[in-house]
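Residue numbers (the working numbering): 884 to 1020.
The hints are simulated quantities; they were obtained by calculation from the structure and are not laboratory data. Note that the structure is predicted; figures quoted are calculated from it, not measured. Even glycine gets a Cβ: it sits at the ideal position worked out from N, Cα and C. Mixed in with the good hints there might be a few duds.
Distance ranges between label pairs, derived from CB positions [what the hints assert, rightly or not]: (1) P890 to S988: 44 to 52 Å; (2) G982 to P937: 22 to 30 Å; (3) A1004 to M919: 24 to 32 Å; (4) I885 to G925: 50 to 58 Å.
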Amino acid sequence: MILALPPQASPALGASLLRIALGLMWLSHAILLKLMTFGIAGLAAWMATQGLPPALAWPLVIAETLGGTLILLGLHGRWASLALLPVLMGATVIHAGNGWVFTSSNGGWEYPVFLLVASVAHILLGDGKLALKRSQA
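Start from the sequences and build out the full structure, keeping to the hints where you can.
In structure tokens form, the structure reads like this:
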């Protein structure tokens, strides 16, 4: 017997699941990774080694936290995903020389590229159900 999907899947619920996962990812990277693991001083020092201004550490954490919250809540989440695309593009460029797998030394490019594609999918699909204010195209 072949397992079949229902003829009418729920795109709105799928979009919601994508939005919630993406929002939680941004929040976990901003709060758990950057603030609680590296700290602002550690993040700023790492940014300097990548040729980025250390003064961007706080704005980066704030953008990821605010954007992740907006995406998670579905409060103009598509616009937040669009606004955060440059962060993912920058992460891709920074990690491109490290190889494909993100567990490579200094992290690879596969995770930022996957998140970039997931963000574009969110922008195209919309916020889905249970969003506080769905973004208009």
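Now for the hints, and whether the structure bears them out:
1. P890 to S988: 44 to 52 Å: With Cβ atoms ~47 Å apart, the hint holds.
2. G982 to P937: 22 to 30 Å: Roughly 26 Å apart at Cβ, these two residues keep to the hinted range, so it holds.
3. A1004 to M919: 24 to 32 Å: 29 Å, holds
4. I885 to G925: 50 to 58 Å: 52 Å, holds
Consistency with the previously given hints is maintained throughout, with no hint failing.
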